[in-house]
Amino acid sequence: MKFLRVRLLSFILDLCLWAYLLYGGFTLHYLNTRWRPWRPEEKFVAPELSPLGWALVVLGILEVVLFTRAFGPSLGQRIFGVRLVGEGGGKPSFSQRWLYFFASHLALFLLWFDPERPFYERVSRLRLAPLPEPGTEGPGPRWYFTTHGLSAFLFLGLTLALGWRLTEIDLRSFVGKASKSLRIWRGLINPDFRYLFVPDPRIKLSFIDGLVQSLYMALLATIAGTAVAFPLSFLGARNIAARGPIGWLVYSLTRGFFNVFRAVESTYWAAIFAIWVGFGPFAGSMALFIHTIAALGKLFSEQVEHIDPGPVEAVTATGANLLQVVRYAVVPQVIPQFLAFTIYRWDINLRMATVVALVGGGGIGRLIFEYKDDLQWQLVGGVIILFMITVWIMDYVSGWVRERIV
Amino acid sequence: MPHLVVENLTKVYERGKIRALFNVSFSVEKGEFLVLIGLSGSGKSTLLRCINRLVEPTSGRIFLNGVELTKLSPRAMRKVRRKIGMVFQQFNLVKRATVLQNVLAGRLGYNSTLSTLLGRFPKEDLRRAQECLERVGLLDKMYVRADQLSGGQQQRVGIARALMQEPELLLADEPVSALDPATSHSVMQYIEQINKDGVTVIASLHFLSLARRYGQRIIALKAGEIVFDGLPEAIDDRKFKEIYGEEAEEVEVR
Amino acid sequence: MRTFFAEAALLESLREIPARVGWALRIKILPALLDLTFLAYVWAATNATYSYFRFGFLSFSLLPWWWMVIVVVAVGAMWSAWDQTLGMKVVNRELSGETDFASRFLYAVLWPFFPLALLTAPFDPKARTPGELLAELTLTEVRLITYRPWYRTLTGWLALIAILSTLGAAVGVTKVEPGRLVTGFEKTIKFWRAIFSPRWDLLGLGLKLLGETVFMAIMATAFAVPIAVLLSFLAARNLMRGPLGRLIYVILRMIGSFTRSVDAVIWAIIFAVWVGTGSFAGVLALFVHSIVDLMKLYAEQIEAIDPGPVEAITATGANHLQVLRYAVIPQIINPFLSFTLYRWDINVRMATVVGMVGGGGIGFRLIQYLRSWAFPEATVLTILIILMVWALDWLSARLRAKLA
Numbered sequence: 002m003k004f005l006r007v008r009l010l011s012f013i014l015d016l017c018l019w020a021y022l023l024y025g026g027f028t029l030h031y032l033n034t035r036w037r038p039w040r041p042e043e044k045f046v047a048p049e050l051s052p053l054g055w056a057l058v059v060l061g062i063l064e065v066v067l068f069t070r071a072f073g074p075s076l077g078q079r080i081f082g083v084r085l086v087g088e089g090g091g092k093p094s095f096s097q098r099w100l101y102f103f104a105s106h107l108a109l110f111l112l113w114f115d116p117e118r119p120f121y122e123r124v125s126r127l128r129l130a131p132l133p134e135p136g137t138e139g140p141g142p143r144w145y146f147t148t149h150g151l152s153a154f155l156f157l158g159l160t161l162a163l164g165w166r167l168t169e170i171d172l173r174s175f176v177g178k179a180s181k182s183l184r185i186w187r188g189l190i191n192p193d194f195r196y197l198f199v200p201d202p203r204i205k206l207s208f209i210d211g212l213v214q215s216l217y218m219a220l221l222a223t224i225a226g227t228a229v230a231f232p233l234s235f236l237g238a239r240n241i242a243a244r245g246p247i248g249w250l251v252y253s254l255t256r257g258f259f260n261v262f263r264a265v266e267s268t269y270w271a272a273i274f275a276i277w278v279g280f281g282p283f284a285g286s287m288a289l290f291i292h293t294i295a296a297l298g299k300l301f302s303e304q305v306e307h308i309d310p311g312p313v314e315a316v317t318a319t320g321a322n323l324l325q326v327v328r329y330a331v332v333p334q335v336i337p338q339f340l341a342f343t344i345y346r347w348d349i350n351l352r353m354a355t356v357v358a359l360v361g362g363g364g365i366g367r368l369i370f371e372y373k374d375d376l377q378w379q380l381v382g383g384v385i386i387l388f389m390i391t392v393w394i395m396d397y398v399s400g401w402v403r404e405r406i407v
Numbered sequence: 724m725p726h727l728v729v730e731n732l733t734k735v736y737e738r739g740k741i742r743a744l745f746n747v748s749f750s751v752e753k754g755e756f757l758v759l760i761g762l763s764g765s766g767k768s769t770l771l772r773c774i775n776r777l778v779e780p781t782s783g784r785i786f787l788n789g790v791e792l793t794k795l796s797p798r799a800m801r802k803v804r805r806k807i808g809m810v811f812q813q814f815n816l817v818k819r820a821t822v823l824q825n826v827l828a829g830r831l832g833y834n835s836t837l838s839t840l841l842g843r844f845p846k847e848d849l850r851r852a853q854e855c856l857e858r859v860g861l862l863d864k865m866y867v868r869a870d871q872l873s874g875g876q877q878q879r880v881g882i883a884r885a886l887m888q889e890p891e892l893l894l895a896d897e898p899v900s901a902l903d904p905a906t907s908h909s910v911m912q913y914i915e916q917i918n919k920d921g922v923t924v925i926a927s928l929h930f931l932s933l934a935r936r937y938g939q940r941i942i943a944l945k946a947g948e949i950v951f952d953g954l955p956e957a958i959d960d961r962k963f964k965e966i967y968g969e970e971a972e973e974v975e976v977r
Numbered sequence: 049m050r051t052f053f054a055e056a057a058l059l060e061s062l063r064e065i066p067a068r069v070g071w072a073l074r075i076k077i078l079p080a081l082l083d084l085t086f087l088a089y090v091w092a093a094t095n096a097t098y099s100y101f102r103f104g105f106l107s108f109s110l111l112p113w114w115w116m117v118i119v120v121v122a123v124g125a126m127w128s129a130w131d132q133t134l135g136m137k138v139v140n141r142e143l144s145g146e147t148d149f150a151s152r153f154l155y156a157v158l159w160p161f162f163p164l165a166l167l168t169a170p171f172d173p174k175a176r177t178p179g180e181l182l183a184e185l186t187l188t189e190v191r192l193i194t195y196r197p198w199y200r201t202l203t204g205w206l207a208l209i210a211i212l213s214t215l216g217a218a219v220g221v222t223k224v225e226p227g228r229l230v231t232g233f234e235k236t237i238k239f240w241r242a243i244f245s246p247r248w249d250l251l252g253l254g255l256k257l258l259g260e261t262v263f264m265a266i267m268a269t270a271f272a273v274p275i276a277v278l279l280s281f282l283a284a285r286n287l288m289r290g291p292l293g294r295l296i297y298v299i300l301r302m303i304g305s306f307t308r309s310v311d312a313v314i315w316a317i318i319f320a321v322w323v324g325t326g327s328f329a330g331v332l333a334l335f336v337h338s339i340v341d342l343m344k345l346y347a348e349q350i351e352a353i354d355p356g357p358v359e360a361i362t363a364t365g366a367n368h369l370q371v372l373r374y375a376v377i378p379q380i381i382n383p384f385l386s387f388t389l390y391r392w393d394i395n396v397r398m399a400t401v402v403g404m405v406g407g408g409g410i411g412f413r414l415i416q417y418l419r420s421w422a423f424p425e426a427t428v429l430t431i432l433i434i435l436m437v438w439a440l441d442w443l444s445a446r447l448r449a450k451l452a
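Residue numbers (the working numbering), protein chains in the order written: chain P, 2 to 407; chain B, 724 to 977; chain G, 49 to 452.
Treat the hints as calculated values from the structure; they're not laboratory data. Warning: the hint list may mix true and false statements.
Unchecked claim - Listed next, with one range per pair, are the computed distances between beta-carbon atoms:
(1) B:S932 <-> G:E184: 38 to 44 Å
(2) B:A946 <-> P:G91: 18 to 24 Å
(3) G:L255 <-> P:P310: 43 to 49 Å
(4) G:L372 <-> P:L250: 52 to 58 Å
(5) G:L255 <-> P:T34: 19 to 25 Å
(6) B:K919 <-> G:T147: 32 to 38 Å
(7) P:S174 <-> G:E359: 38 to 44 Å
(8) B:E779 <-> P:F103: 30 to 36 Å
As the list claims (entries may be wrong) - Here are the simulated BS3-like pairs of lysine-lysine, each with C-alpha atoms no more than 25 Å apart in a straight line:
(9) G:K223 <-> B:K864
(10) B:K818 <-> G:K137
(11) B:K846 <-> B:K864
(12) G:K223 <-> P:K205
As the structure is a computational prediction, the values presented were derived from the model and not from experiment. From the three backbone atoms N, C-alpha and C, an ideal C-beta is built for every residue, glycine too.
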């Protein structure tokens with residue numbers, strides 16, 4: 002069964018590779034000829050082909066895949082660490098490979114009779130063998146002459162070329178518009194701290210107010226998030242919670258919650274809470290709070306799963322119940338790591354607090370984006386410098402504290 | 724009535740279908756010092772863990788003071804575990820906690836969940852903890868973190884933790900195999916002292932010389948089955964080869 | 049002869065002065081300043097909490113500033129005289145000597161003059177403060193830890209006050225009103241339906257944007273790697289010997305730590321103005337951040353290599369580049385690949401955030417939808433992001449397990 006899996010998966014991988022190469026090639030061509038800037042809204046867009054044409058394209062891909070699999074390890078075969086060898090383990094001859102190529106066209110119909118040794122391998126008297134240990138055979142051909150090397154090269158080349166067009170890398174504008182960026186740099190070099198303590202009459206917020214707001218948003222979200230994540234993390238740890246069917250259910254639900262909510266951007270929550278509780282720092286800290294629960298919960302429960310099981314056994318042997326075991330054998334082992342994660346999370350939350358301001362989260366981010374939209378670069382420079390200094394200090398202090406407690 | 728009776732105990736681990744114990748039966752009198760010997764993997768640890776049901780036996784029955792342990796509910800079993808102390812090969816202390824906290828953990832089963840969750844223990848227990856630490860000679864290390872102690876000291880903390888339970892039965896799972904010979908004897912002497920105070924001891928040991936020196940009776944396990952049950956003197960060269968295999972040679976631990 | 053020795057001893061003690069002053073600064077002055085900062089913070093936070101809950105406005109100093117100075121210094125003095133303060137804990141010191149009430153009191157009275165330790169430091173190797181000198185108490189290293197429950201110590205109570213007042217101030221500053229979660233709920237009923245009715249016809253667009261985001265990360269990583277590799281050899285301490293090498297090392301490390309402390313979001317804002325909003329700006333922001341981050345990771349890996357092979361290859365008469373090729377590179381190739389993968393993983397996640405502030409890709413579109421409260425559209429993009437994060441987690445964990 003193992004070889005069947007390898008054959009199937011490596012085949013799918015090859016298929017994906019060549020389909021990607023073809024599709025990517027089309028896209029690249031279109032980006033180069035039709036639409037100069039990349040507009041995701043536009044309908045793609047493969048070339049208009051008749052059904053027959055499409056059938057031919059699909060057939061072509063299949064042929065290429067089969068061909069690369071017959072002649073030298075294809076990329077899929079190479080990744081799964083197998084290659085074709087002759088009956089005695091020697092190198093396959095040219096005619097054997099052709100036979101293999103033609104016979105494998107029938108693979109779909111005849112594979113199932115003997116998964117261990119499919120029909121086309123028997124006909125061509127070849128078999129799939131694991132790659133030799135490095136060094137046991139003499140030097141093979143240079144990698145760029147092998148089938149898999151060539152495919153990998155094509156893959157990389159196409160990806161980079163496509164990425165170049167898709168992300169609209171434009172060195173000319175980078176150099177040409179450098180003068181445009183000068184005003185930011187000028188703003189950063191002589192920043193304007195006019196509103197450092199005095200509130201800006203328009204936004205009604207001084208720099209320091211914004212900074213304190215951001216710091217406390219991050220702090221509140223971290224503390225409240227930790228308070229919720231801490232008990233949940235034990236429910237999400239396999240070695241504690243997953244006992245019996247109910248335990249498994251609780252464990253899976255908790256883990257599922259962590260995984261979903263961790264992946265949702267906090268700005269999404271911020272937008273929801275901005276409507277729910279109104280614009281301002283409260284909405285921002287609620288958004289960060291929800292995200293913190295899931296992110297910390299996952300880190301915490303992984304930590305709980307990695308504890309030394311010895312003390313758990315010992316405390317259980319004294320006749321303690323589950324809660325007591327958690328309190329006396331698990332918690333003391335994980336507290337330092339939990340603290341380190343929490344401090345680390347505070348750092349992250351402070352950075353995210355600025356982004357959350359985009360959808361009405363409040364804090365120092367609001368100042369940055371408001372001044373940016375008004376093109377007041379000196380004020381932007383002032384806020385950014387203040388924020389950078391704070392982040393820098395926080396980074397330094399939290400790194401130092403984490404080093405001490407772990 | 725014997726203190727502990729084990730009847731036809733069998734344990735098969737689900738994963739890999741490994742048969743750890745097969746049809747093991749024996750009984751232990753009150754106040755006896757029983758030593759289990761055998762190669763590693765012969766089932767000694769599993770047998771000990773089956774007695775306090777840290778490992779659930781597949782079949783067979785275990786009686787302690789006439790109560791069938793294998794039938795008890797988890798809650799009732801926790802009540803029984805309070806009277807069964809256990810000492811481990813790797814000490815199984817919470818490394819970051821202080822010695823005192825580790826020792827107090829031995830009283831968890833006797834105190835209410837709520838007060839222990841808040842970290843509160845009765846004055847009586849604190850006094851008892853000091854007594855137990857004094858008994859193993861570690862009173863001055865009470866507030867030291869467990870990972871600052873040497874191996875022998877850690878094992879003595881483990882013994883103090885078991886003593887806190889005021890056990891009737893002490894299970895010792897290779898208590899000295901992580902220690903050097905000199906420390907081994909000092910730790911074994913503490914266990915022997917506990918035995919002299921009337922506690923039944925079942926200890927698994929790796930070295931036959933230690934078993935001969937401390938055991939009143941020896942049970943040898945091989946591949947999960949009892950191959951010898953009797954007095955230490957009865958193990959001669961032939962028996963020894965049977966238990967440990969042809970290649971083995973007896974090593975003296977001084 | 050005797051005068052010569054006396055002079056030598058004098059010179060010796062003169063030479064020790066900077067070290068002594070430094071020691072006094074580290075052990076006596078900075079911990080005390082830390083305590084004062086802590087107490088000042090507690091003062092501000094309690095004031096904010098009190099004013100917010102009592103009067104409904106925020107003020108970090110209700111009383112004139114000199115009140116704060118007096119209270120903070122007085123509490124600081126008592127704290128250091130009767131307990132192990134935060135600062136003392138950091139440097140692991142405690143008061144020892146005859147600790148009766150009178151001497152503690154004298155110590156507390158004299159404590160505010162602690163900066164004078166800098167003056168005594170040149171003459172006194174222990175740099176005793178006036179309090180230590182006159183009350184005959186000394187700050188010594190903690191030998192035996194005595195255990196007291198937290199509620200029996202001043203430090204414990206101060207910590208409790210600090211935590212409570214921090215929470216109180218935080219509630220005030222961030223305008224927390226849990227009541228609004230309830231009263232505002234009716235406003236949300238409309239959009240809960242919107243959230244749970246995603247516009248699936250946007251799926252194609254979303255996938256394209258997702259692809260663009262992944263490509264942003266690929267491009268940023270692909271361009272950052274060669275540069276970071278080159279720089280990492282110059283930023284590895286064990287390869288950069290000699291004065292010039294050391295200079296390059298120090299400069300590179302300084303630039304690196306400075307650039308890294310500027311958040312990717314800030315870089316994205318800067319580049320969005322420079323080259324215009326769009327994925328190019330995002331690529332540049334990730335690119336700059338990746339270079340310095342990878343440079344640090346790579347350089348640390350180079351510093352951790354086994355020096356044995358380097359010695360052996362050098363002994364065969366190989367030159368610098370040959371040593372690099374045959375002794376260093378074989379040792380670092382796998383960790384480098386692993387770090388690159390890790391960085392790519394981070395870049396994909398960051399690409400969405402960077403996109404939000406003008407870096408293009410799926411993040412930019414998402415934030416546009418969110419700002420106009422177009423939840424059905426935003427939900428589709430969010431679901432795609434969730435799937436991408438999962439796929440990345442799975443893929444990078446597998447690949448890195450293979451590389452390790």
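Hint compliance check: list the failing hint numbers for this structure, sorted ascending.
1, 2, 6, 7, 8, 9
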